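K.L.:
If you want the building blocks of each chain, they are given just below.
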Amino acid sequence: MARFLLRRLGFLLVTMLFTSLLIFLITQALPGDVARVLLGREASQQALAQLRAQLGLDRPLPLQYLHWLGDFLRGDWGTSFSTGQSVRALVLQRLGNSLQLAGITLAVAVPTAVTLGVVAALYEESWIDTLISLASLSVVGLPEFITGLVLIQLFSFTLGWLPASSSIAPGTSLFRALPYLVLPALTATLVLLAYVARLTRASMLVELRRPYVRTAVLKGVRWRRVVVAHVLRNALLPTITVVAISFGWLISGLIVVENVFNYPGLGRLLTFAIARRDVPLIQAVALVAVLGFALANLVADILYAAFNPRITLQ
Amino acid sequence: MTGGQGMGAPLVAFENVSVAYRQGRRWSRAVRGVDLGIGAGVTYGLVGESGSGKSTLAQALLRVLPPSGRVVEGTIRFRGEDLSLWPPQRLRSEFYRQVAMVPQDPLPSLNPAHRVGRQVEEVLDPGGLPARAGSEVRRKALAMLEAVGMADPERVASAYPHQLSGGMQQRVLIAMALAGEPSLLVLDEPTTNLDVTTEATILDLVRELVAERDTAVLYVSHSLGVVAELCDRVAVLYAGELVEDAPTAQLYRQPRHPYTQGLFDSVPRLGTTRRSVALRPIPGRIPAPSSLPPGCVFEPRCPIAVGACSQARPALEPSGDGWARCLRSGEIAAGEVDPHQPAPPARATDAAREVPVALDVANLRKRFPLRRSLVELLRRTPQRAVRAVEDVSLTVRQGHTLGLVGESGSGKSTAARAILGLDPASGGAITLAGMPLAPDLARRAPEAIRRLQMVFQSSDEALNPYRTVGAALRRPFRRLGGLDHAHADARVAQLLRDVQLTPAYASRRPAELSGGEKQRVAIARAFAAEPEVLVFDESVSGLDVSVQAAILNLIGQLQQERGSGYLFISHDLAVVSFLADYVTVVYLGHVMEAGPAERVLTPPYHPYTEALLSAIPLLEPGAVRAHVRLEGEVPSPVDVPGGCPFHTRCPRFLGDICVSQAPPWREADEGHGVYCHIPLEELRASQAPAIPFPGRGGDVDGG
Chain G
2 MARFLLRRLG FLLVTMLFTS LLIFLITQAL PGDVARVLLG REASQQALAQ LRAQLGLDRP
62 LPLQYLHWLG DFLRGDWGTS FSTGQSVRAL VLQRLGNSLQ LAGITLAVAV PTAVTLGVVA
122 ALYEESWIDT LISLASLSVV GLPEFITGLV LIQLFSFTLG WLPASSSIAP GTSLFRALPY
182 LVLPALTATL VLLAYVARLT RASMLVELRR PYVRTAVLKG VRWRRVVVAH VLRNALLPTI
242 TVVAISFGWL ISGLIVVENV FNYPGLGRLL TFAIARRDVP LIQAVALVAV LGFALANLVA
302 DILYAAFNPR ITLQ
Chain H
16 MTGGQGMGAP LVAFENVSVA YRQGRRWSRA VRGVDLGIGA GVTYGLVGES GSGKSTLAQA
76 LLRVLPPSGR VVEGTIRFRG EDLSLWPPQR LRSEFYRQVA MVPQDPLPSL NPAHRVGRQV
136 EEVLDPGGLP ARAGSEVRRK ALAMLEAVGM ADPERVASAY PHQLSGGMQQ RVLIAMALAG
196 EPSLLVLDEP TTNLDVTTEA TILDLVRELV AERDTAVLYV SHSLGVVAEL CDRVAVLYAG
256 ELVEDAPTAQ LYRQPRHPYT QGLFDSVPRL GTTRRSVALR PIPGRIPAPS SLPPGCVFEP
316 RCPIAVGACS QARPALEPSG DGWARCLRSG EIAAGEVDPH QPAPPARATD AAREVPVALD
376 VANLRKRFPL RRSLVELLRR TPQRAVRAVE DVSLTVRQGH TLGLVGESGS GKSTAARAIL
436 GLDPASGGAI TLAGMPLAPD LARRAPEAIR RLQMVFQSSD EALNPYRTVG AALRRPFRRL
496 GGLDHAHADA RVAQLLRDVQ LTPAYASRRP AELSGGEKQR VAIARAFAAE PEVLVFDESV
556 SGLDVSVQAA ILNLIGQLQQ ERGSGYLFIS HDLAVVSFLA DYVTVVYLGH VMEAGPAERV
616 LTPPYHPYTE ALLSAIPLLE PGAVRAHVRL EGEVPSPVDV PGGCPFHTRC PRFLGDICVS
676 QAPPWREADE GHGVYCHIPL EELRASQAPA IPFPGRGGDV DGG
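Just so you know, the sequences run in chain order G and H. Position in the first sequence (first residue = 1) + 1 = the numbering used here. Position in the second sequence (first residue = 1) + 15 = the numbering used here.
Honestly, I wouldn't trust all of these hints.
[Said to hold, decoys possible] Partner residues aside, some chain H positions facing chain G, computed with beta carbon under 7 Å: (1) Val-79; (2) Leu-125; (3) Arg-133; (4) Glu-137; (5) Pro-315; (6) Pro-318; (7) Gly-322.
[Stated by the list, open to error] Simulated DEER-style distance windows between Cβ atoms: (8) Glu-223(H) <-> Arg-8(G): 32 to 42 Å; (9) Gln-113(H) <-> Leu-13(G): 35 to 45 Å; (10) Arg-311(G) <-> Gln-113(H): 29 to 39 Å; (11) Ser-529(H) <-> Val-207(G): 46 to 56 Å; (12) Val-207(G) <-> Arg-644(H): 36 to 46 Å; (13) Ser-174(G) <-> His-177(H): 43 to 53 Å; (14) Pro-61(G) <-> Ala-460(H): 33 to 43 Å.
If you're looking for bench data, these hints aren't it; they were derived computationally from the structure. Remember, it's a predicted structure, so these values are computed and weren't measured experimentally. In this text, a Cβ means the ideal position worked out from N, Cα and C, and glycines have one as well.
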């Protein structure tokens, strides 16, 4: 196990190094001159050259990359071109918000989806299975900006229960932020729900047909216990992997949802940074997002092995 | 109705039971009108080929039919009570406390996520929490694991199912089945996927445990041999109907139904060869439940059918001490009519030994190196390897068959793949008709490939499902024979006739063929290139006996017509000895014994051959013969034992010499010998023939 972790962490390091290079090169290839963006169209050639030298943009690319990486590892993530704030403070604060949203979404989505999937499988081809399948399929077919807008219309404008915009200020406590989190979390839940429910249903159906279920029934074990102690234990294995990987997506991939609700998460920060060619900010967000994904994958593998005795990590 | 031995109601009674499966909107009856009674303490065999409905019947009894199946007619009674009236609660608390089942596939029948111990404990306490160490339940579970022959029950209990071997997994299921001390044990082909030596120990175990507890047994099997060894009484199912039900002794001495007779005539008996006896396969195939004949269900395939047979379904009538569903069972019993299928024409064969060698394999070796970790590389740990084949030499002569026998892990299939060049050999020499072959298929000349062909075990996997039979057969003609399309087509038609199919099969796809037809196509494809040597790797193992008989006859006939040399690989010594002129026995990648078939089957044998032969179920109820059983498991091919590789399990283990020195080749007579430290005279003196004389010990009072 320790050996497995060490190897995977080494692997993670290589992945991060490679993606950092990729991110660096892509941001270099972005159209537009950073100095020109910063100083505006009327800036003199002299001022531009001076700024380039100041930012280190006149040095050869490999050197620029090494400097950037070294600074990044030391914790100096640079200053945002567009806001003048410390990139690190900005990104970490937004990361906190994204983690909050992702946590709440998973806490709602996973138990609901698993329950729906299990019920649908146990009552396969009955009206309840059809209803769950129909409902989840129709929700998954709708893009997030539609479901988000419908939810806002319903809960904010018609019923007036919840705020339409979730632009919480930095430092808001989780308790105070909760009402603002409900609608974005609900929207993200709907995206995830159908997928996880159908996955659970499918693997439940596979497991329910396995001969060990018959063995358990013949032992005289109650059906409810057969389902919970025998079937579910095995049927949830694929679900665990998908949920863990979804966590990575929830942290950084909720760009549409965050924009619809004006929620200050990483996804929105990324669109903001791209719109303003804010290179240091783009680089930092992208790296953090990749790290999130990689860690989620690692956790998925570890969890899968922990719950599946047939896998030994080495 | 039938079989109500002893007093009062039998333990289990099937009364006119029909089971149907839903297919779309239609229901098709897989089992029809079965009457059967199992008395307390009786061991009942339920025999049939695939599609006979034997497993369906067992599942219906245990009320674990798949969701699409249902008992649509009749009653199944347990201790006189109609089980269909019992609510789930009562089934759990009464029925499932008294019945248990051992299924065919042990691994999928165990929960992969629970430890073995916990799964045994659950039988004793189906609703309870996981048992604690030292508790009564834990103690009983461990005792049960010990009772089924586990040397270290604690270790087995804390293992997960996948960490145990197939034989151990089946022992665990038997422990679970017997832990609740059931009065009825249902065994559904419990040894079908196990090696013959493992099967023998499992059958010993079942026999012993059942006798101790006076448990009634319903033993479902396709194997007449296993049933003969174990059962008091046997019921034969055909196409969902009970055709015969009789005490074992009567059934085996004189079957009263032509189908039962057909089954017996399809099975190669140990000690018979195709030179002496032809198998008599049953022509045609089992009718589907949707297209049953109007009268007797066996009538279309029956050698003695008369007009009345196609008019109405015969009733199950008493015959001797049993029952038979045949209008002519009385005539059969009286010997007035011959229920055998007509024998295929016998062909004279030359048994000359001095025929040219077609394929010679010398000191074949195949190792699969294991990857070393970084640490091991740095420490310069020597690289280890799976030693699938260590030292195998064999010779295939023109027009003759060499049988290669061994259990799983013996390396026989790896050897075949190495000979074919599919997995290039790591060492040794392969010579085809005097021409040395490169280890790697890619480096062999097309001519060499043409002359050495293979028929695989699973024709399902070997035939491309999207390609018609014609396209599959045309390819070797065009690629290896250089024929144009029209000529190739003509040859395909001829080839299909040669394997007893019609040219119309050329337009079919594999999904439209039965298992036997697929295997015929696979054989046709191998023969298309007109090879000098064919390798058959377990090519008849997955087939029903009546189909297997036809394929074995076909293979034999093709050899006579074409003079090809065969390398026939199988785990089934009876089939190998039937077909082969020479036999080579392998264990853990080493040859143990080799020689002409009839010599290998008679003493002196290698102790391993002796154990293999002793483990094979015979078709003689109550036959008296040597009882040799192997202890323990086959060692890992990564750590092949030194000296004689068989020494860890050898019942005739001598001592240090077997551990430290490779055994010498001791030649008994021309071409026959064993690799063993024990002198031949000593082996000969202490070994009984594995094949008892016909009739000896056959009179056993069954039932």
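K.L.:
None of the hints should be skipped; say for each whether it holds.
P.N.:
Quick rundown of the hints versus the structure:
1. At about 5 Å, the closest approach between the beta carbon of Val-79(H) and any beta carbon in chain G falls short of 7 Å, and the interface hint on this residue holds.
2. Evaluation of the Leu-125(H) hint against chain G yields a held restraint, the C-beta minimum of about 6 Å falling below 7 Å.
3. Restraint check, Arg-133(H) versus chain G: the minimum CB separation of about 10 Å is more than 7 Å; hint violated.
4. Below 7 Å, beta-carbon pairs count as interface contacts, and Glu-137(H) has one with chain G at about 6 Å; its hint therefore holds.
5. With a cut of 7 Å, the hint placing Pro-315(H) at the interface with chain G is violated, because the nearest CB-to-CB distance is about 35 Å.
6. The restraint placing Pro-318(H) at the interface with chain G is violated, with a minimum CB-CB distance near 39 Å, outside the 7 Å limit.
7. With 7 Å as the threshold, the beta carbon of Gly-322(H) stays out of range of chain G, its nearest partner Cβ sitting at about 45 Å, so the hint is violated.
8. Distance hint check: the CB atoms of Glu-223(H) and Arg-8(G) are about 49 Å apart, inconsistent with the given range 32 to 42 Å.
9. Gln-113(H) and Leu-13(G) have their C-beta atoms about 56 Å apart, which leaves the hinted 35 to 45 Å range violated.
10. Taking 29 to 39 Å as the suggested C-beta distance range, the pair Arg-311(G) and Gln-113(H) conforms, at roughly 33 Å.
11. Between Ser-529(H) and Val-207(G) the beta carbons are some 28 Å apart, a value that contradicts the proposed interval 46 to 56 Å.
12. For the pair Val-207(G) and Arg-644(H), the supplied restraint of 36 to 46 Å holds, since their beta-carbon distance comes to about 39 Å.
13. For Ser-174(G) paired with His-177(H), a C-beta distance near 49 Å keeps the hint of 43 to 53 Å intact.
14. The hint said 33 to 43 Å for the Cβ distance between Pro-61(G) and Ala-460(H), and at roughly 57 Å that hint is violated.
Of the numbered hints listed earlier, those contradicted by the structure are 3, 5, 6, 7, 8, 9, 11, 14.
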